[in-house]
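Asks: This is what each chain is made of:
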Amino acid sequence: MSSPPATPEPEQRTRRERATTAFRNAGPRRLVLYATLLAIVAFYLAPLEAAIMTAIKTNSAFNTTLPFAPPIELFPPSLEGFTLEAWRVAINKLSHGILNSLMLAVPATILSATLGSFAAYGVTNVEWKYQMPIIALFIAGIFIPYQAVLVPLSRLFAIVDTQSLLAPLWGLPLMHAHYSNIINLIIAHTAYGIPITFLLFRSYYRNLSEEMLEAARLDGASVFSIYRNIVLPLSKPMFAVTLIYQFTQVWNDLLFALVILPGGAGAGEPVTVALTNLSGGIIQSFGLQMAGAFVAAIPTLIVYIAFGEQFAKGVAS
Amino acid sequence: MANLTLDGVTKWFDDDGDRIVAVDDVHVDIEDGEFLVLVGPSGCGKSTTLRMIAGLETVSQGDVRLGDRVINDQPPTVRDIAMVFQSYALYPHMTVQENMSFGLEESTGLSDDTIARRVEETAEMMGIDDLLDRKPGELSGGQQQRVALGRAIVRDPDVFLMDEPLSNLDAKLRSQMRTELQRLQEDLGVTTVYVTHDQTEAMTMGDRIAILNDGKLQQVATPIEAYHRPANLFVAGFIGEPSMNFFEMEREGDVLVGDDFEYSLTAETLDEIGDTERVTLGIRPEDVELVSGGEGAHEFRTVVDVVEPMGNENNVYLRFDAGGDDPQMTGDERTFVATVGGLQSIEDGQEVAARIPESAIHLFDTETGLALRNRTLDLSEAPVPNR
Amino acid sequence: MANLTLDGVTKWFDDDGDRIVAVDDVHVDIEDGEFLVLVGPSGCGKSTTLRMIAGLETVSQGDVRLGDRVINDQPPTVRDIAMVFQSYALYPHMTVQENMSFGLEESTGLSDDTIARRVEETAEMMGIDDLLDRKPGELSGGQQQRVALGRAIVRDPDVFLMDEPLSNLDAKLRSQMRTELQRLQEDLGVTTVYVTHDQTEAMTMGDRIAILNDGKLQQVATPIEAYHRPANLFVAGFIGEPSMNFFEMEREGDVLVGDDFEYSLTAETLDEIGDTERVTLGIRPEDVELVSGGEGAHEFRTVVDVVEPMGNENNVYLRFDAGGDDPQMTGDERTFVATVGGLQSIEDGQEVAARIPESAIHLFDTETGLALRNRTLDLSEAPVPNR
Amino acid sequence: MQGIRELLKKGRRGSSRERKLRADGGEPVETHREAEQSLLRSEFVQSLPFWLPPFLLMGFFVYGAIGWNLVISFTDFASLTLPTYDPATFDLEMYRQAINDPNFWTAARNTVVLLVAFTALCLVVGLVLAILVDREIRFENTFRTIYLLPMSLSFVVTAKVWAWMYNFESGMINVTLRQVGLGSLAHHWISDPGTKLAAVIFALIWQFSGYAMVVYLAGLRAIPDAHYEAARVDGASSWRMYRRVIIPQLRSSTMGAAVVLMVFALKAFDFLYVMFGTNPGPAADILATMMFREAFASNHWAYGSAIAIILFLMALTIVGPYLYSEYRRGEL
Amino acid sequence: LGGGGDDGGNNGGGNKVEVQHWWTGGDGNAAITALFEGFEEKHDIKIKSNPVSGGAGQNLKNVIKKRVLNNKPPSTWQAWPGKNLQPYVEADKLEDIGDSVWSKNGMKGAYLKGPKQAAKPDGKFVTVPLNIHRLNNLFYNVDVVEKAGVDPKSISKPSDLVGAMKTVESETDAVGMAHQTKSGWSTLQLWAQVLLGEHGEQTYTAFTEGKVKANEQAVKNSLSIVKQYNKHFNGDAGSLDWQQANKKLINGKAAFIHQGDWAAGMYRAQDGFEFDKQWGMVPYPGTKGMYSLVMDSFPFPTNNPTEETTKKFLRYVGSVDAQERFNPKKGSIPPRTDVSKDKFGPFLSRQMDQFQNSKSQPPSIAHGLATSPETLTALDDAATSFNSSWNVNKTYNKFVQAFESN
Ligand SMILES: Nc1ncnc2c1ncn2[C@@H]1O[C@H](COP(=O)(O)OP(=O)(O)OP(=O)(O)O)[C@@H](O)[C@H]1O
Ligand SMILES: Nc1ncnc2c1ncn2[C@@H]1O[C@H](COP(=O)(O)OP(=O)(O)OP(=O)(O)O)[C@@H](O)[C@H]1O
Ligand SMILES: [Mg+2]
Ligand SMILES: [Mg+2]
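Same order as they appear, the protein sequences are chains G, B, C, H and A. Residue numbering for the first sequence follows our numbering, starting at -17 and increasing by one per position. Residue numbering for the second sequence follows our numbering, starting at 738 and increasing by one per position. Residue numbering for the third sequence follows our numbering, starting at 738 and increasing by one per position. Residue numbering for the fourth sequence follows our numbering, starting at -7 and increasing by one per position. Residue numbering for the fifth sequence follows our numbering, starting at 1047 and increasing by one per position.
A portion of the hints provided could be inaccurate.
Calculated lysine to aspartate or glutamate pairs in the DMTMM-like style (CA-CA distance at most 20 angstroms, straight line) [as the list claims (entries may be wrong)]:
{"hint": "1", "chain 1": "B", "residue 1": "K909", "chain 2": "C", "residue 2": "D817"}
{"hint": "2", "chain 1": "G", "residue 1": "K111", "chain 2": "B", "residue 2": "E901"}
{"hint": "3", "chain 1": "C", "residue 1": "K953", "chain 2": "C", "residue 2": "D751"}
{"hint": "4", "chain 1": "G", "residue 1": "K295", "chain 2": "H", "residue 2": "E132"}
{"hint": "5", "chain 1": "A", "residue 1": "K1293", "chain 2": "A", "residue 2": "D1322"}
{"hint": "6", "chain 1": "A", "residue 1": "K1299", "chain 2": "H", "residue 2": "E161"}
{"hint": "7", "chain 1": "B", "residue 1": "K909", "chain 2": "C", "residue 2": "E901"}
{"hint": "8", "chain 1": "A", "residue 1": "K1444", "chain 2": "H", "residue 2": "D93"}
{"hint": "9", "chain 1": "G", "residue 1": "K111", "chain 2": "H", "residue 2": "E161"}
{"hint": "10", "chain 1": "G", "residue 1": "K295", "chain 2": "H", "residue 2": "E323"}
{"hint": "11", "chain 1": "C", "residue 1": "K909", "chain 2": "B", "residue 2": "E978"}
{"hint": "12", "chain 1": "A", "residue 1": "K1273", "chain 2": "H", "residue 2": "D184"}
{"hint": "13", "chain 1": "B", "residue 1": "K872", "chain 2": "G", "residue 2": "E193"}
{"hint": "14", "chain 1": "G", "residue 1": "K111", "chain 2": "H", "residue 2": "E323"}
{"hint": "15", "chain 1": "A", "residue 1": "K1159", "chain 2": "A", "residue 2": "D1145"}
{"hint": "16", "chain 1": "B", "residue 1": "K909", "chain 2": "C", "residue 2": "D751"}
{"hint": "17", "chain 1": "G", "residue 1": "K111", "chain 2": "H", "residue 2": "E35"}
{"hint": "18", "chain 1": "A", "residue 1": "K1212", "chain 2": "A", "residue 2": "D1197"}
{"hint": "19", "chain 1": "A", "residue 1": "K1266", "chain 2": "A", "residue 2": "D1145"}
{"hint": "20", "chain 1": "A", "residue 1": "K1440", "chain 2": "H", "residue 2": "D93"}
{"hint": "21", "chain 1": "C", "residue 1": "K909", "chain 2": "B", "residue 2": "D810"}
{"hint": "22", "chain 1": "A", "residue 1": "K1387", "chain 2": "A", "residue 2": "D1399"}
Sample of chain B residues lacking proximity to chain C, with all beta carbon distances greater than 10 angstroms (derived) [unchecked claim]:
{"hint": "23", "residue": "D895"}
{"hint": "24", "residue": "D996"}
{"hint": "25", "residue": "D1008"}
Just so you know, these hints were derived from the structure itself, not from any lab. By construction, the Cβ of each residue, glycine as well, lies at the ideal position given by its N, Cα and C atoms.
Chain G on its own, in the form it takes in the complex:
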């Protein structure tokens, strides 16, 4: 006995365009659409493009060329207006900040993502009473204006002197006393990062199949083992999103650094602070400002361009 072969379920593509067939058929309207999209691209990129151009211009080229024009003379061809001096100076002045930012952002990001994942699992995938208030407190933490904690925060790190507490550490090779400032920042960023990482992980964990987790319980796995063997491996994509998001947040922060750092060079200032201070010299150069801005932005730009897709997904959730 034979039966007709079972056709596999076709992959149903959702095609919005079906609903707007007119657009597909009418070439001109399609062109208008793309033209609009490109114009918007210009709007979003123009400031960045012009800033880059400014950053590679000599002062005189800056005064004589249009902001968004490259510093290249066509008649006669010359690169006279081109210079990387601003970049050299910017990198020189910001390199310690970049280093500090890395030392700060990487651990803070990993810590807050991990803790966020822990917490989200603990209140989402394990059933117990009264978890709602806890969840609400976690989530409300996202929306707290940081101004509301600044004064206590600065008082706190004045009272809790990590530098003295960790004094033995500074004697070790490669350690500096001012790392205590970075440690303070790591703690703060971790704590304030938890709510958002919690939310990201929670929305992800809520959508994990309940039945799958129950299956694991029936398979004899403990709460810990379920996390370790099922939830954690499945969280990889969400960790990517969270890490990207949190990294940019920490990297870009200025406020906490202003408040928590005691201030002063070598005190572990992250790159945003260093960039703010870039204008300290007498000669104000837009080229230097823009070059500095880009030097400081490069890591997050790279992260975005490389992982924009996941990021968009995470942001949307």
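On the provided structure of chain G, position chains B, C, H and A with the ligands as indicated by the hints.
Replies: Just chains B, C, H and A with the ligands, lined up with the frame of chain G:
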């Protein structure tokens, strides 16, 4: 392995202070090795019952016993029960091999070798040994279903619980897996509780079926018994497709009087009714006979409303020939169904006589719904021409 | 209102340069007021065909005609066609009233009063007039379905298109809505194209059914014709549940020789086969007769593999009695099904003789799948006892 | 045969009420309740190591700090003398001072303007972008990434870039205007108090409209194709389809995006700080900058804390109802 | 806790003097580096230089306040003296160094009254001024004023400057005055000079003492003069900082600029832009004979992490050697009157002469020497809004309030 007993098991949920009773005082005794099917309409508490057995839901009242142990308070982890979920609930990041090993690793102290061997044996038995290195995402629905089963089987549990395991498969595959599953359970002889709301699965798969409605157990019986000897109106209406025809009647002496017709009863039947006044008469569509005459006992003149040809048989919707009825206004409530062989040609509007043989009728107390009398059965007929 | 014609309609999709032909040269003529059901397995192009008629998909080749107009290039907006979607596609933020008015407001210049009146009338007809102020989220599945229908009806279109409108309902509700829909269409007399992959709907609802497979039209016929006179193997296997039993045979003289049995043919039948060598013999489960003897013509000794009691009938899975077969290893491919009355008691392992009457067999060319001979039919039988 | 159907229906309808009645009658057996408790407890206990440490850390820094901040706002902590945490000296003096401080009201007004204008415009731009991108265009990901790109930048960076963009003489906006012969429109964008706040809002929209786009895009994608098609078949034009069928369905996307955008707006401090220093002037001063200025530049710690608390309450009035509605919808 | 900070963990570098300042670039950096070198040579003690840049010193001020509040001050730091230090004194955070520092090196004799006054905001010496910038300057581009036929030396009152600027603008392409209105302080200091020049030192002092209402006419008048100046400011004043404004003078796009004499540092750095040839400076009209003070100084905090070495450092700061190393590079003049002029260029030498011969040294309002920080903030605020509104009455009212709130 052991027999599983639900002893007055009740489950209520808190809903903002209100109590929602999902399962209400259910008693079932499931024999060692028995295949019990739990059926009922959506929301009747099937899944909840199953989940209480598994330990995924606490028992509000009553006992769940495995053998002599009350297992109410045991966490699922230690119950030695395996469950197959509707969604299969395979671990998507693990290979089939890992999916199947996971339970053994977590719940037993077996060596890796032993586990690997057992997984391999089971996979072979299930015909999925060549899929062991794939991940669930790379499997078809049927294959996933088989892996889910394999994952349960490999643990060699005391009890299998299955919650609509076939409902995600397409019709053809479902009927194939149905037979396979049934055969497998017979071979393994593991006590099994199987939840479904699919008629066919309920009727064909179980040793016995337990029919739930609104959290209350309606009947536990073999499929045939449930079909032919329903305990009450609900079971009678729920089991069978098309449903049994019901007519609400008043008893007047030895005659039942309904809106459309009168039905005389023999003394024997009258005895069974006792002194119930309002009874519901039920007759299965295949027991309604279409005859040419129309003047015999228990024969009624009817008009064909709609014919649904099903190929092998036709469902004929009949209307009592009250004469002069506006045909357009004929609501659903006035028709009843007869199933006739697919080759008989019957057309809309045709007048036919329907015979409702007394031997085939069911009678229910309209108030309580309880069965007063079920059809007479003679199951001794030998294999004979089937139509 | 007008008749709808698909004239060599073809649709291909671009898939990274490759052409995927979803609908392939389909010709159907749908009469004014006819109810045509489009069936076929998943992915066969049913929805695509419907969407081309609606104008939601461009036609790659061929014409769609409404009356005499070719409507290929008309946007959906002006086609005067109403569609009921599988998901109902009710606008969740509008009340039922607004949902139903929307189409009239957008496509006609009717005054608000007129629209309100028409909506009310339709709602009354559909029995949803007390739901008018609710939003779709507050309706049950069946109510939503009714609203979706009402939304289509209120527009009084030339053609109704319905894409699996019942598939989201549960079994009981589905069978109820089926009859209701059918009756409604008869009353309104609007040309309707109805897509489904549900057997029962296809058989019971349509005036005619069009069976599609892999984008190609297999047969357009009345349900009964398609059941009893399938044009090819695909239709024969697709229509009917349980499926027709197929046996691949070689012709040797006037005898068909298969793996398990031989089947002699009368001259008349041989004529119909012509000189085809490899034929597939088909027999519907309900045409397989179980007899006590076993030595008559076209009778074969078999063993009962599994019995599936369905209540009103039993599906009996039979295995040819080749003797000594390991019962565990009996794959699905070796069994065939017979449907017998529900009251006959037959048990697993029992030996029975199966008769395959020559009048009931279908023969197909194994290579092309085309029907060589369909069963003889005598539809003239008057209403007689049905079993 | 209607009987059974009716029965089924009745059963379904009546069931919940009946159940309640019954359930109220039955007395739960004590042991079971205990069992339930112990089971819960074990799950609960096992979940503790996961959520408690992060919760304590977060709770201390977020809620602990807010509480502390509140306490400080009751003191008269200022300048270089540490506060005395003596409840007897607590008063609402700082709040009174705020109410009487015209700067506070300017800042509050600017904060509201910034919140509302920025959020609303961002949503509009984001919606338009989302609709444009959601048209099965080629290179959709590229477009989307570009539109979202500014969001990756620090406020410090965008403030630097826009400070230059807005420069009267060499800034790109004025240069471009002059280049196309609209020199008369060239303007002191960020020094003229009339345009200062608008310029800030514009730059912030540039930075964050991509976010609104992404949220709306997800919202649009969540609307079944069938709704577009049904609207088409119903005879609606594209414009009407979006206006009447699609956009009304984006309410929850709008809510979600709006709340997050407001949070961004509250954090716009960095932007203003880099662009204008601690004192952006009355035209662009917002509570966030005012708080920072008062606390960290003028050392009016208590006063700054009071402003912070007011800002926090403002945020709460936005977020509170949102969270509650999410909770009601079971989305928390 | 008080002891906790003393454990020496604070600077991690043992006995190094930690000096915080905001001279992170250009002249300032060169100057302070020279000073540090001098100290290290002399005492063989390492300096831990810990600069905080940005915000025109505001950032450093915030840092210091935070550290002092937390009882973890640096050894010493760059601070504007005068009333700026009042909060520290009030909170008892600065120590009297009248004996330990000021009595040495003949400091008390070598400093003029003005600077000494500024070093003891509360009557006790708490800080050591290192340098002096003059505030009452009017710089001009020689070419431009000559082309316009204006003689800056002949302008005797601030109000007369308006006419001069008109002439400049009618005769040349240059604007009358380069100015920045992006932040408030430039306008505040400009207005202060106008007040000083137009209404005399007494009124100026009365204002700093809070007697605003008593001088309503003077205040309003000086404000309206600045408002008149506004018509002659460069058009992009609102988006510049002072360096960019100053460049306009260098480029000949403006005739005048009012700034502290730090502005001359830019001229010095510009090739071919020489004092008295391309640029010139006169005391701000009406302020001849006065030397309006802006100073940097180094205070001595209580709870000092390196008490003795800090004192050594402060003594050094008050020494001729230190001031001779520092000031020529910085473009400022030494507060000590006994420093040789050899190392100072013609401009600074002239300034030193004028300083030493000045009748009075009024402290700068805009730099916090004359009023409490609170008042300064309020005045700054007022100037910031004046920058956009140019509303004399409103600004006057704010000036009044600036003193009232304290
Ligand atoms: N966690 C819960 N909280 C409150 N009520 C619940 C909960 N789980 C189930 N219920 C209710 O209990 C009843 C029984 O639910 P159950 O899932 O057991 O039904 P079911 O028979 O499995 O239905 P289905 O066939 O739809 O799966 C339903 O009315 C349901 O709404
Ligand atoms: N937009 C598309 N692009 C490419 N291929 C498509 C597209 N839409 C449909 N197809 C393909 O066309 C074929 C027919 O699809 P269609 O949706 O018409 O099937 P169907 O018969 O309605 O199936 P189902 O019963 O699953 O709804 C399928 O193979 C499908 O993959
Ligand atoms: Mg269920
Ligand atoms: Mg389809």
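Asks: Indicate, hint by hint, whether the structure satisfies it.
Replies: To see whether the hints hold, each was checked on the structure:
1. Distance restraint check for K909(B) and D817(C): the Cα-Cα separation of roughly 38 angstroms exceeds the 20 angstroms cut-off, and the hinted pair is therefore not satisfied.
2. Our distance criterion of 20 angstroms between C-alpha atoms is broken by K111(G) and E901(B), whose separation comes to about 29 angstroms.
3. Among the hinted pairs, K953(C) with D751(C) is consistent with the structure: their alpha-carbon atoms are about 18 angstroms apart, no more than 20 angstroms.
4. Of the pairs offered as hints, the one joining K295(G) and E132(H) holds, with about 14 angstroms between alpha carbons and a cut-off of 20 angstroms not exceeded.
5. For the suggested pair K1293(A) and D1322(A), the alpha carbons sit about 17 angstroms apart, so the restraint of at most 20 angstroms is met.
6. A threshold of 20 angstroms between alpha carbons decides the hint, and for K1299(A) with E161(H) the separation of about 13 angstroms falls inside it, so the pair holds.
7. The hinted pair formed by K909(B) and E901(C) meets the criterion: a straight-line CA distance of about 19 angstroms does not exceed 20 angstroms.
8. A C-alpha spacing of about 12 angstroms is found between K1444(A) and D93(H), which places the hinted pair at or below 20 angstroms, so the restraint holds.
9. Proposed proximity of K111(G) and E161(H) is contradicted: the alpha carbons are some 64 angstroms apart, above 20 angstroms.
10. About 18 angstroms separates the Cα atoms of K295(G) and E323(H), which keeps this hinted pair within 20 angstroms; it holds.
11. Between K909(C) and E978(B) the alpha-carbon distance is near 9 angstroms, which keeps this suggested pair within the 20 angstroms criterion.
12. Distance hint between K1273(A) and D184(H) is fulfilled; the C-alpha atoms sit about 16 angstroms from each other, no more than 20 angstroms.
13. Taking the CA atoms of K872(B) and E193(G), the gap is about 18 angstroms. The hint holds against a cut of 20 angstroms.
14. This hinted pair checks out: K111(G) and E323(H) have alpha carbons roughly 17 angstroms apart, not beyond 20 angstroms.
15. A distance of roughly 18 angstroms separates the Cα atoms of K1159(A) and D1145(A); the hinted pair therefore holds under the 20 angstroms criterion.
16. For the given pair, K909(B) sits about 31 angstroms from D751(C) by alpha-carbon distance, which is inconsistent with the 20 angstroms threshold.
17. Distance restraint check for K111(G) and E35(H): the Cα-Cα separation of roughly 10 angstroms lies within the 20 angstroms cut-off, and the hinted pair is therefore satisfied.
18. For the proposed pair K1212(A) and D1197(A), the alpha carbon gap of about 13 angstroms is at most 20 angstroms, so the pair holds.
19. Distance restraint check for K1266(A) and D1145(A): the Cα-Cα separation of roughly 44 angstroms exceeds the 20 angstroms cut-off, and the hinted pair is therefore not satisfied.
20. A threshold of 20 angstroms between alpha carbons decides the hint, and for K1440(A) with D93(H) the separation of about 15 angstroms falls inside it, so the pair holds.
21. Note on K909(C) and D810(B): the hinted pairing is violated, with a Cα-Cα distance of about 38 angstroms set against a maximum of 20 angstroms.
22. For the suggested pair K1387(A) and D1399(A), the alpha carbons sit about 9 angstroms apart, so the restraint of at most 20 angstroms is met.
23. No Cβ of chain C approaches the Cβ of D895(B) within 10 angstroms, the least distance being about 24 angstroms, so the stated non-interface status holds.
24. Here D996(B) stays apart from chain C, with its beta-carbon at least about 20 angstroms from theirs, past the 10 angstroms limit.
25. No beta-carbon of chain C is positioned within 10 angstroms of the beta-carbon of D1008(B); the least distance is around 24 angstroms.
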